[in-house]
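Q: These protein sequences, in sequence, are chains Y and G.
Letter 255 of the first sequence, counting from 1, is numbered 267 in my numbering, and no numbers are missing.
Letter 296 of the second sequence, counting from 1, is numbered 308 in my numbering, and no numbers are missing.
Do not rely on the hints blindly, as some may be mistaken.
Since the list gives no way to pick out one identical chain from another, each pair is judged satisfied if it fits inside one copy or across any two copies.
Quick list of in silico lysine to aspartate or glutamate cross-link-like pairs, DMTMM-like style, CA-CA up to 20 Å [as the list claims (entries may be wrong)]:
id, residue 1, residue 2
1, LYS345, ASP414
2, LYS351, ASP135
3, LYS351, GLU397
4, LYS351, GLU400
5, LYS133, GLU98
6, LYS345, ASP369
7, LYS282, ASP122
Think of the hints as simulated: they come from the structure by calculation, not from any bench.
Predicted model, so just to flag it, every value in this text is computed and none were measured.
There are 2 protein chains.
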Amino acid sequence: MAVIVHKASHRARVADVLGWIDAHSAPLEAQEVTLAQAAGRVLADRVTTSVDVPPFDRPVVDGFALRSEDTIGASAYNPLPFRLIESADHLPPASAKWVHAGARLPHGADAVALPEQAENKGDGACCLLEAVIAGAFIERAGSDAARGSSLATAGRRLRSADIGLLAAANISQVPVVRQPRVRCLFTGRDVAEAGTPLPADAVHDATGPLLASLVARDGGLLIERRWVDRTVTAIRGELASSRADVVLVAGSSGPGPDDHAAVALREAGKLAVHGVAVRPGETCGMGRTASGTLTFLLPGAPGACLWSYELFAGRTIRRLGGRSAALPFRSRKMITARKIVSEIGMTEVCPVQCIGDGAVGPVTSYAEMGIAAAAHADGFVIVPEGSEGYRQGTPVLMYVYDEASSNLAMESDVKP
Amino acid sequence: MAVIVHKASHRARVADVLGWIDAHSAPLEAQEVTLAQAAGRVLADRVTTSVDVPPFDRPVVDGFALRSEDTIGASAYNPLPFRLIESADHLPPASAKWVHAGARLPHGADAVALPEQAENKGDGACCLLEAVIAGAFIERAGSDAARGSSLATAGRRLRSADIGLLAAANISQVPVVRQPRVRCLFTGRDVAEAGTPLPADAVHDATGPLLASLVARDGGLLIERRWVDRTVTAIRGELASSRADVVLVAGSSGPGPDDHAAVALREAGKLAVHGVAVRPGETCGMGRTASGTLTFLLPGAPGACLWSYELFAGRTIRRLGGRSAALPFRSRKMITARKIVSEIGMTEVCPVQCIGDGAVGPVTSYAEMGIAAAAHADGFVIVPEGSEGYRQGTPVLMYVYDEASSNLAMESDVKP
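Okay, chain Y solo, but in the shape it has when bound (with noise of 0.2 Å):
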């Protein structure tokens, strides 16, 4: 793919961008995890159990294992006697045998009577009060999953339920797709880090703890945060000798003669997009260098930053970890309480506030909007370029960050 020119008029679609990065971030290969690691993990290739679940015909309930062919005509009025059986394997005919929930079925039962449909007589005999259908309180061999059935398929994130299925099918390791291996760069103009004295004119960094946050939340394993002088000799020798599955630049990524990132990208590989028609987050870009490792230029202010990783980077660390690429917010058709307004041409992301049930509202004015837009925000709404905006009162979707901690009607508790 082409370079793309970062000027104002030559800015990559966003749409663009989405495709090249699609075009570049399959799957990583599998690796075997215990299954006390696999919770939320992506499965790599179909796991079936060479075993039944359950193994054998057990019992649901505690209560009496017997013949159903034995209780036909059983009741108040009409009590069978069954003779009680302490030990079998075989359960002759009329007689039945006192079995826990979950044990093995008596060979010759079909059925469980509970405790209620029998009088014990004492003696080892008992009389059985109901007749019991063929089956009744029986959980059958195979029944969760037959030998050689499937337990999950590839591309499923593992979940509880999953979780309990395998251990039960006695599975103790599974092939997930490996988490992607992500570095941070960081090349802030007068940046301070957190906890050191902070120079005249710096300010405090946001953006390393920021991505690290980012990195985790989309199954990214951070293997290293680094400091880099602002120069494309020191830029250019730390992509260049990077084993990483991605690079996150933060900082020195706009077109300025002090910002040396996409220079320092162009001769470590190859810059694929520099400048992308979104707000906020115009001057990223993104490429790959001479190894492989697909690297991404993030603006150094914060709210910058967050965009572009949630949009772009966020993305590609999804898609190599086997996720879904889509964003990992759910998303929830809403009306404009107020006017969103946005450039043509621009793919805007406006964070936004409920109003009310099944309104929202943008949070501030776009040019007060740095980090706490996103905090205080109960979701966003993303404006496309063809668009300059929504009217008060038109449809939108929202993607929502937390039901439970936004003004949304919440319906999530029990309701029995």
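Given chain Y's structure and the hints, the job is docking chain G onto it.
A: Frame of chain Y; chain G shown alone:
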């Protein structure tokens, strides 16, 4: 609260059980953690900033810092000359200084002109081709957060943007609600741990890996997994010596002569509930040890164990950790594509699958429902105790496991 006797006719109502849980599970005390550990944790106290964020007025773009009043009347037909100054703490009238995004704005300047709004004449002279308004491309000191203002309030579950904002305010530690420490005790009969040889008539344990995954999902800290002899003495001994916030006892929860967990808990403290009008999971129980540890008796059958955890133990762990008590799934209104049957007097959890957009049907009949039903479901419906279930075509509230893996219409991609 009085002990609720465990008979079918005397099972506790779900609403009463939730009431008992909520009365005994206030958020735990605060602990300080570093910002790197804070994502996903719940703030125990409001965090305010002692500095302005940003600390000074600064440009949000690279450009020419200047006085907006000097630009009045500038146009392509009336270029106004400005003197370029290399270094200036104080900007004299009719002068401009090239500034980088994020740097401190020189004193006297109140706006930034974009490079394309000016023409460089060389020799320290440039011409402005457009008037700029005061505040153009300026981020004001304290616009993200003014000194003394709140960055996040108690009870907030911190997400990435919060971490970025806190870092920008030079906050490196925050007070969060301590994670509840959870012990799991297993009393399974004829159950073998994963990877161990399977005795005759035994099954592999699913509850251990299942509960470990659930506890982690809900923010609990699993401090111990231990197999315990299936005797009153052994279980009581473990309960009495427990220093955890929550103990989960898997197996031995029933009313049978070989089920000792309820007796053990009564002797080790107080058995508040034994038997709940909920299915699966009607044998579950709960109470507190003499030292106050919240103790849950969960059925050993994996499906019943899962649902007892989801409805009761999980709620407790989430509440102790300061999270929302609600089930950790979003809910969505759906229509039943097939009828859902339930017993009057029992709250029933019905795993469902999506059938087309907006419709759901039960995964299996209840009789067949093991852990596989939960693994294969897209979510579940809770049928209240007063209902016999739902006819085809009835609106129901579905709790959705994971939109991305279900058949729900997906709208979460970047849709510019």
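Q: Take the hints in turn and mark each one as holding or not.
A: So, going through the hints one by one against the coordinates:
no.: 1; hint: LYS345 - ASP414; verdict: both (15 Å within a copy, 18 Å between copies)
no.: 2; hint: LYS351 - ASP135; verdict: neither (83 Å within a copy, 46 Å between copies)
no.: 3; hint: LYS351 - GLU397; verdict: within (17 Å within a copy, 45 Å between copies)
no.: 4; hint: LYS351 - GLU400; verdict: within (10 Å within a copy, 47 Å between copies)
no.: 5; hint: LYS133 - GLU98; verdict: within (15 Å within a copy, 105 Å between copies)
no.: 6; hint: LYS345 - ASP369; verdict: both (11 Å within a copy, 15 Å between copies)
no.: 7; hint: LYS282 - ASP122; verdict: neither (69 Å within a copy, 39 Å between copies)
The structure does not agree with the numbered hints 2, 7 stated previously, though it agrees with the rest.
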